[in-house]
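Student: Residue numbers (my numbering), protein chains in the order written: chain A, 59 to 172; chain B, 164 to 277.
If you are wondering where the hints come from, they were derived from the structure by calculation, not from laboratory data. One thing to keep in mind: the hints can contain errors.
Cβ pair distances, simulated, as ranges [what the hints assert, rightly or not]:
id, chain 1, residue 1, chain 2, residue 2, range
1, B, Gly-172, A, Pro-76, 43 to 49 Å
2, A, Pro-72, B, Glu-179, 26 to 32 Å
3, B, Gly-172, A, Gln-103, 31 to 37 Å
4, B, Val-274, A, Glu-84, 46 to 52 Å
5, B, Thr-234, A, Glu-84, 44 to 50 Å
Just so you have them, the derived chain A footprint on chain B, three or more residues with Cβ under 8 Å [claimed, not checked]:
id, region
6, 222–228
7, 264–271
In silico contact screen, one side only, chain B against chain A (beta carbon under 10 Å); selected entries [what the hints assert, rightly or not]:
id, residue
8, Glu-178
9, Phe-197
10, Gln-201
11, Arg-258
Backbone N, C-alpha and C define an ideal beta-carbon position, used for all residues, glycine too.
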Amino acid sequence: SQTIHQWPATLVQPVGSPLSLECTVEGTSNPNLYWYRQAAGRGLQLLFYSIGIDQISSEVPQNLSASRPQDRQFILSSKKLLLSDSGFYLCAWSAHSGKSYEQYFGPGTRLTVT
Amino acid sequence: GDSVTQMEGPVTLSEEAFLTINCTYTATGYPSLFWYVQYPGEGLQLLLKATKADDKGSNKGFEATYRKETTSFHLEKGSVQVSDSAVYFCALSDRTDSWGKLQFGAGTQVVVTP
Chain A
59 SQTIHQWPAT
69 LVQPVGSPLS
79 LECTVEGTSN
89 PNLYWYRQAA
99 GRGLQLLFYS
109 IGIDQISSEV
119 PQNLSASRPQ
129 DRQFILSSKK
139 LLLSDSGFYL
149 CAWSAHSGKS
159 YEQYFGPGTR
169 LTVT
Chain B
164 GDSVTQMEGP
174 VTLSEEAFLT
184 INCTYTATGY
194 PSLFWYVQYP
204 GEGLQLLLKA
214 TKADDKGSNK
224 GFEATYRKET
234 TSFHLEKGSV
244 QVSDSAVYFC
254 ALSDRTDSWG
264 KLQFGAGTQV
274 VVTP
């Protein structure tokens, strides 16, 4: 069966510090991968999506970036965090092809920027 | 573009009450429809899905029917439990979108009291 992992689970970082969040998927190959952010009490904001290595698109321009160094690894980064980067970051995967493209989510990373 | 509208919360009800969460969508094609549930501090879990008109998705006592004529996918449960307290998200995917992106509603918080 497929599983998706995210780490760290929680992170407290000062403004201006760098960020690296990691997501890995097991049990499937060539998945579509997604990064979302959820601010407190708010809905989901799609940040990045990828259909393969070196095929990453950004939904919202900001000081975050994403990379996919391996087929089942997706990394969210920032060189300098802002207070507004605080939130709950969710990684998700879906099958690369199929009828319905349902996404499966990881447990999330709670980021607090101080 | 495609969009999803769901009723605002919070929805507060007593244990064993009937739950309905309204969801309507706008789509140019023939989307697949989903309900996700998010328990406090966790990622989203796929609750149920429907891929074509008149399909009924069901899981854990929850049901939703894909109504093309009313562009709706309302979530229902006949007798809620305290453990059903969560945020529920309606979502759609466009099967012609090879990136597999989902459009989410804003989420509806459900609070079930004993």
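Student: Which of the numbered hints are not met once you compare them with the structure shown?
Tutor: Violated: hints 1, 2, 3, 4, 5, 6, 8.
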